[in-house]
Amino acid sequence: MIARRSVWADEQVAALAAKFVAAADEVHHLQHGDDAECKLFQQLAEQGHYAGRTEPSDTRQGIYACTTTGVLLASINTNEPRRMRRMLERALERWNELPREQRVVADLGEPDLNRLEARYPKDGLVLHQYSRDLEREPALRDWRANAWNQDFVWFTRAEARALAPVTLEVGATTPWPSDLARRLARCHLVDNVRGQVSAFRRGSVEKAELQSCVTAVADGRATLEFRGVSRTTENGAWPVAGFKDRAVPGEQSRGFHAELAGRAVFELASQRFVEFELAAVGLRFGGSQFNGRDGDLEPAPMGVWFELASDAPAEHVAPALVWEYGW
Amino acid sequence: MGRMLSLLAAAVLTLSDVPSVDDRTLAEWRARIAPAENEREWSSIGWRASFWAAVEEANAAEKPILLWAMNGHPLGCT
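Respectively, the protein sequence lines represent chains G and L. The numbering used here puts the first residue of the first sequence at 35, with every later residue one more than the last. The numbering used here puts the first residue of the second sequence at 9, with every later residue one more than the last.
Here are the simulated DSBU-like pairs of lysine-lysine, each with C-alpha atoms no more than 30 Å apart in a straight line:
#, chain 1, residue 1, chain 2, residue 2
1, L, K71, G, K73
2, G, K156, G, K73
3, G, K53, L, K71
4, G, K53, G, K73
Honestly, the hints are just simulated from the structure, not real lab data.
Chain G with its partners taken away, still in its complex shape (with noise of 0.2 Å):
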């Protein structure tokens, strides 16, 4: 996450980075799939820095660069920008020297690719999701005070339908159905600010209730707002600092209690939210593994932001949790 901010936004790193076909994706799935896409990863990862290890984990994350023949040019995983650079020089002079037949192959075929955006509900409902941390006292001074994460979320047509009274008439008001505002609480309502976290256990949702009210219909769209609660604690014992307490993970609490409000506009032609805002304010408590709370268990002030996330297709990222939607 630190790279977006350190690396990627580097003019130089930039610069270098514009001479290849740039692409991000998920470590795991490339790491263990068995599909072309993933075997040619597999076997890039096997020439890199990480190749061989087990030790603290057996991740192959960082940055490759590569042909499409399987020849790795250079890799790295690092955050800053100057060893950036220095890689992708060398990974540009490795390339200038590779005959043809090295940089390319004949005929790549169409494969079959095994992905979670196969799944994408292009006529459901797809939210762009941003966490940050909100103001506190003491200030933060470190990148922790300005850290932000995102992710996306998924609604089928008739999911997203359902957020919506049945009868649009001003007036009319319908509670979201349990499962999709628990989903939301269990799997979006996270502290992911500073990393990845798993979803919260289905028994540590106390409370998810958010009810959608019509305020104006006109013009063919009806005019929505949400107003809703989220509560989740869950308590158990886990690791908090990454590797350091991975062998005697003590007694963990970890929680979001959220206020929700936020409004949206329902398309009646088409049946589909064509503006969609949704704010989740209020505190966090506790941390995991690899969200980078280690020091920072204490309740503190967290913000959640939905809204409609645009149709490219570097907006059909899967959910972190989606394997969590039981779809």
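With chain G's structure known, arrange chain L on it following the hints.
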């Protein structure tokens, strides 16, 4: 022990300055939480959302691939 921690957390919560969603307008919450323009510079690189999308494009254009592979999709939650 877990229950004790939960009770402790709940007690602290009641004593804390709890933010309310009504403290700001939706536009103000968006401005506070969503990334500002200068925090979106990383996306100007034009990332394809999958490795294979880059493989196909790079092969056709005869260009090298730059792959950013992380635990959690870098264009999503990482």
